[in-house]
Amino acid sequence: MLQATNITKRFGDKIALDNINLDIKPGTITSIIGPSGSGKTTLLRTLGMLELADTGTIALDKELYQFPLATVEGRAPWPKLTIVFQQLFIWPHLTLRGNILLPLGGNMSADQQKQFNELVELFSMEEFIDRYPNEVSLGQRQRTAIIRALMLNPEYLFLDEVTSSLDVEQTSIILSHLGDIKKRGVAVVVVTHLLNFAKSVSDQVIFLEHGKIVVSGDRTILENSSNERLREFTSLIKQAS
Amino acid sequence: MVTAVFTIISQYREGLLQGLLVTLALCLIVWVCGLTIGTLLGSLSAQYPNEVGKPSKALSFTLSGIPILVLLFWLHYPLQEMLGVVINPFFTAAFALSLVNIFAVTDIVRTALVEFPSQYIAAGKVSGLSNQEIFKKIQFPIIFRQIIPAILTTQVNMLQLTLFASLISVEEIFRVTQRINASIYKPVEIYTALAIFFLIICLPLNGLALYLKRKYTRNLSEK
Chain A
8 MLQATNITKR FGDKIALDNI NLDIKPGTIT SIIGPSGSGK TTLLRTLGML ELADTGTIAL
68 DKELYQFPLA TVEGRAPWPK LTIVFQQLFI WPHLTLRGNI LLPLGGNMSA DQQKQFNELV
128 ELFSMEEFID RYPNEVSLGQ RQRTAIIRAL MLNPEYLFLD EVTSSLDVEQ TSIILSHLGD
188 IKKRGVAVVV VTHLLNFAKS VSDQVIFLEH GKIVVSGDRT ILENSSNERL REFTSLIKQA
248 S
Chain B
11 MVTAVFTIIS QYREGLLQGL LVTLALCLIV WVCGLTIGTL LGSLSAQYPN EVGKPSKALS
71 FTLSGIPILV LLFWLHYPLQ EMLGVVINPF FTAAFALSLV NIFAVTDIVR TALVEFPSQY
131 IAAGKVSGLS NQEIFKKIQF PIIFRQIIPA ILTTQVNMLQ LTLFASLISV EEIFRVTQRI
191 NASIYKPVEI YTALAIFFLI ICLPLNGLAL YLKRKYTRNL SEK
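Protein chains in written order, with my numbering: chain A, 8 to 248; chain B, 11 to 233.
Just so you know, these hints were derived from the structure itself, not from any lab. Some hints here could point you the wrong way.
Stated by the list, open to error - Restraint-style ranges between C-beta atoms, simulated for each label pair:
hint, chain 1, residue 1, chain 2, residue 2, range
1, A, Lys21, B, Asn167, 39 to 49 Å
2, A, Ser131, B, Leu215, 39 to 49 Å
3, A, Glu239, B, Ser74, 23 to 33 Å
4, A, Leu129, B, Leu69, 49 to 59 Å
5, B, Phe71, A, Thr64, 46 to 56 Å
6, A, Ser131, B, Leu30, 56 to 66 Å
7, A, Glu125, B, Gly217, 39 to 49 Å
8, B, Tyr87, A, Asn141, 49 to 59 Å
9, A, Asp210, B, Leu218, 54 to 64 Å
10, A, Leu243, B, Leu215, 55 to 65 Å
11, B, Phe71, A, Arg238, 33 to 43 Å
12, A, Asn26, B, Ser140, 29 to 39 Å
Stated by the list, open to error - Short, incomplete list of chain B residues facing chain A, as computed with Cβ under 8 Å:
hint, residue
13, Ala132
14, Gly138
15, Gln142
16, Lys147
17, Ile152
Stated by the list, open to error - Just a few of them, taken from the derived set where beta-carbon distance is under 10 Å, the chain A residues facing chain B:
hint, residue
18, Pro99
19, Leu101
20, Thr102
21, Ala156
22, Pro161
Every residue gets a Cβ at the ideal spot worked out from N, C-alpha and C, and that includes glycine.
Okay, chain B solo, but in the shape it has when bound:
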């Protein structure tokens, strides 16, 4: 079977590569948007809890009640029909998944900032450190280490969620795989190949998240 899997990969490499590139492009947009806008929004939410924090929490809460598939379909069909526009499904998928990622990252960053023990800052102050030094040498490294495993796990989830884009006709790797299967009907080999692809990408990232969590995250309560 292993040979059959690699034969199929080799035979359809161009199509698979095309699909892979679409998946990676989608993923890149989702990751970059989520990490930059989410970090910014999370920081602003912690800094301005009433002006930014509450509305962002409300949006995140509302979004968490909508299944990603429903959101994707709603943005792709009814919304575009209502607006009388046709948008490339790739961008619709990128927008929907980015939205989910942005609020996931926002929640992680906001929680880490809000729950950061102020006594660590007080200890820095009474040790004569400037606000800049406290941020650079105490606050940022601690918060970064606390959030990085959760952020990594979320990004792996986002990569997996890109598969839903196939349902609105985005030619990403899952859709390409489905089409190859439709023409040659070798589901075991084809979907095994797809599973291996995701394992190769996701497992190391999940492993890294686990490693970082074990190595760096600390109980900040000092109990």
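Extracted from the complex, chain A is given alone in its bound form:
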């Protein structure tokens, strides 16, 4: 379980995260929603310890990180916890296959090979798996980033707007796959603008604004929230889509 307590993060004078408290349980999907600039990505990166919080604590299973902390070197949580970024950052000097294999040390066990084949087939990537990132579309790179993360078999999987360049079919494949990996006990945290996505898969929804958790709860808060700001936000998203 990941437990964040009183997490605060500043960039200069700007408070990016303000006293965040939340729990991420194994085998659950948490959706983080909120307007642009509300701190969603910063929250994800801070929980993933790519950004180090200024104050607060993060307890990740048996490991306790007490901030401020100069570095997490030596007890970094990766790849047990891994992140797929909004900007994908597929390494450009490797083919898509190379990108997926590099973190595995270049060689795959029989099980990993099986998992690789299944994921490549699931995400319909057979045709372009040996192409370089600059030879494929953004959506295809996005799928590669997701497979790269899934091949690590993380216990905590953080996804930052990973469906932004995917079509409806691919989004639905990811939704269904997230359901599968959740069943395996993986804790999934998703930053998303897709309300339907959040409604259909989330066990926990967090609405963030100005770096603060305005409201959190199960997925029903997206339909029947007493919080006016969340109602306003969801109605705007509905209108936009």
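Keeping the supplied structure of chain A fixed, place chain B upon it in accordance with the hints.
Chain B alone, transformed into the frame defined by chain A:
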């Protein structure tokens, strides 16, 4: 004319070879100094932007405002007169050209390191790669591929700049060619031979730089 060119090359081969060896020796010094010191200085500039980066940028900027010929002459005549020393023009030329090459390579390396997208490193970290693995398998190959075409083009330019050494009496290939021409006066054949020599060396290197640029350099912005 082709026959005449090859006749002259054959007739004066010893002198031309001597000049060629001086040119290549000069070039080798300039390349080795530029690539090693420039790479080191570029890396240090990126790592210590205030302590090394700013002074190196300032020096590079100042140097870019001085024509290479002026630098060469200044080092050869006024400086040596002021210091009361006489230095072999070969070493003066090697020093001046190396200085130019060092700062050219420094700029290329520093820019590539400073502009390297940190997200590639972040992607490596969250994939469980160690800092060493990230450097070896991600950072170095990407940066190497990004900079190699520019480095190659710069080295070809440096080879061409070695011709200026003839103006301070370095007996390199251009000066030897001039002297042969002064004695037999066949400028068309002699300078054609020289042009062919440079084409043979420079064109493949430029072609290689172009090929590597097309094959390996990528838009790192992911747009």
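* To do: Return the numbers of the hints above that this structure violates; sort them in rising order.
  => 3, 11, 15 and 20
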